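When you get a sec, could you build the whole thing from the sequences and use the hints?
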Amino acid sequence: MTRPLEIALLGLGTVGAGVAELLQRHAELLAERAGGPLQLRRVAVRDPDKPRDVDLDPDLLCGDPTLVAADPEIDVLVEVMGGIEPARTLLCEALRRGVHVVTANKELLAKHGAELREAALQGGAGLHCEAAVAGGIPIVKALAESLSGNRVQALYGIVNGTTNFILTRMTQDKVGFAEALKQAQDLGYAEANPAADVDGDDAASKLAILAGLAFGAEFASDDVYRAGIGHLTPTDIQAAADLGHVIKLLAIAKDRDGQVELRVHPTMIPADHPLAAVHGAYNAVFVHGDAVGDLMFYGRGAGRMPTASAVLADIVDAAQDLRRGVSGRIPMPSRRLAVLPMTEVTSRYYLAIQVADQPGVLGAIATVLGRHQVSVASMIQKGRRDAPVDLLFVTHQAVERQLLAALEEVAGLPQVERIAQVIRVEGSEEA
Numbered sequence: 000m001t002r003p004l005e006i007a008l009l010g011l012g013t014v015g016a017g018v019a020e021l022l023q024r025h026a027e028l029l030a031e032r033a034g035g036p037l038q039l040r041r042v043a044v045r046d047p048d049k050p051r052d053v054d055l056d057p058d059l060l061c062g063d064p065t066l067v068a069a070d071p072e073i074d075v076l077v078e079v080m081g082g083i084e085p086a087r088t089l090l091c092e093a094l095r096r097g098v099h100v101v102t103a104n105k106e107l108l109a110k111h112g113a114e115l116r117e118a119a120l121q122g123g124a125g126l127h128c129e130a131a132v133a134g135g136i137p138i139v140k141a142l143a144e145s146l147s148g149n150r151v152q153a154l155y156g157i158v159n160g161t162t163n164f165i166l167t168r169m170t171q172d173k174v175g176f177a178e179a180l181k182q183a184q185d186l187g188y189a190e191a192n193p194a195a196d197v198d199g200d201d202a203a204s205k206l207a208i209l210a211g212l213a214f215g216a217e218f219a220s221d222d223v224y225r226a227g228i229g230h231l232t233p234t235d236i237q238a239a240a241d242l243g244h245v246i247k248l249l250a251i252a253k254d255r256d257g258q259v260e261l262r263v264h265p266t267m268i269p270a271d272h273p274l275a276a277v278h279g280a281y282n283a284v285f286v287h288g289d290a291v292g293d294l295m296f297y298g299r300g301a302g303r304m305p306t307a308s309a310v311l312a313d314i315v316d317a318a319q320d321l322r323r324g325v326s327g328r329i330p331m332p333s334r335r336l337a338v339l340p341m342t343e344v345t346s347r348y349y350l351a352i353q354v355a356d357q358p359g360v361l362g363a364i365a366t367v368l369g370r371h372q373v374s375v376a377s378m379i380q381k382g383r384r385d386a387p388v389d390l391l392f393v394t395h396q397a398v399e400r401q402l403l404a405a406l407e408e409v410a411g412l413p414q415v416e417r418i419a420q421v422i423r424v425e426g427s428e429e430a
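Under numbering that gives the first Met the number 0, the first residue of the sequence shown carries the number 0, and numbering increases by one thereafter.
Keep in mind the hints are simulated off the structure, nothing from the lab. Check before you lean on any hint, since a few could be wrong.
[Unchecked claim] Pair by pair, the computed Cβ-Cβ distance ranges are:
no., residue 1, residue 2, range
1, Ala113, Gly292, 43 to 53 Å
2, Gly292, His395, 21 to 31 Å
3, His395, Asp256, 19 to 29 Å
4, Asp46, Asp256, 50 to 60 Å
[Stated by the list, open to error] Straight-line distance between alpha carbons at most 20 Å, and here's what the computed SDA-like set of lysine to any residue pairs gives:
no., residue 1, residue 2
5, Lys140, Gly215
6, Lys381, Val360
7, Lys110, Cys91
8, Lys140, Gln152
9, Lys173, Val360
Computed from a predicted model, the values in this text were never measured in an experiment. Positions of the beta carbon are idealized from the N, C-alpha and C atoms, including for glycine.
Quick look at the structure:
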């Protein structure tokens, strides 16, 4: 009889409890798919005496993750505790010993992925990370394996459920950012300190991982430009609707002839774009490959069972490799690509400029924009006479540094009260 493969689990929080539950609930099914039984050997927890909603033998629990990770009998180490340390040290040491690693730690992968891959190579172990991005959506395996015959040219992702929930509430309920954020916190979609989500940091880490897989290159979260959603107002949401668009926090990666755009920011997209219909806390990733064309991967991007589902898929992959006696799977970058500076990115832009209602102001602004090679595609004026009015522009493709130079000059015009908003526009004109 095939011996059970021994699994150690670092963390028994929301996701860890889901992993433990699925290992028990689907034991027979997982044994069939993994080529033999899977057995949970040890679980690292902060407090072994804490009551839990998953039924585990108390003897499996240990308050020291170092002891769990160093157990010489384990075959697969599953890390769902998060944070950089001690996860970084424990996973690297396990990989060098030949222990296969499954991790959902997006921050660790985005900052220290190269070190983890090197450790895996040294030990001949596998490094699996499906659960690190987009919860239960199988986007990592799709990019690493299923799309191997393609050159991925662009990737657009809604990869943070908190911000997507907030923007959905702002759009559908016509409420402000603060109220929508409170709704997200009340429902458990947002942390008490939501900065990592609403400032774009979480999405940036995920984009670094996805872009590395898509383009076969090494990227870190610091390579990703990011801007958050806290400055958006109901006026911006309504303006987007008036223009036939919606606003989403998009993670965007594009191959630009040997350079790559990596950016996370609020983006206007056409209301008929597939990503525009992704509401609430759901995630989606839209991929364009040169052979396959357009694909979209959609589903629950977080949560106990969706994320645990992705972890179990990785455990099964690791078990199959171990039982076949083959080297572990390691998504390896094959080339170096420079990241295009944000000032050199080309995009369309939505501009909201508040001006005094005076003759000639529109012409003055258009002249400045034109002088900086920024061409206007459409314009709407909102407001009443004898009061400041809003001029809403959508530009054609423009280089960001030229747009910024134009806006600096526009802001100095005597008729201009302020530049109220600048939002990038994607999907309605070829880049």
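Evaluation of the provided hints:
Distance hint check for alanine 113 and glycine 292: the Cβ-Cβ separation is about 32 Å, which falls outside the suggested range of 43 to 53 Å. Evaluation of the 21 to 31 Å hint for glycine 292 and histidine 395 yields a pass: the beta carbon distance comes to about 25 Å. For the hinted restraint 19 to 29 Å between histidine 395 and aspartate 256, the CB-CB distance of approximately 21 Å keeps it satisfied. Under the hint 50 to 60 Å, the C-beta atoms of aspartate 46 and aspartate 256, about 53 Å apart, fit the expected range.
A C-alpha spacing of about 13 Å is found between lysine 140 and glycine 215, which places the hinted pair at or below 20 Å, so the restraint holds. Of the supplied pair hints, the one linking lysine 381 and valine 360 holds, its CA atoms being roughly 14 Å apart against a limit of 20 Å. A distance of roughly 14 Å separates the Cα atoms of lysine 110 and cysteine 91; the hinted pair therefore holds under the 20 Å criterion. Taken as a hint, the lysine 140 and glutamine 152 pair is honoured in the structure, with Cα atoms around 17 Å apart against an allowance of 20 Å.
For a cut-off of 20 Å, the pair hint linking lysine 173 to valine 360 is broken: about 31 Å separates their Cα positions.
The structure fails to meet hints 1, 9 from the earlier list, while all remaining hints are met.
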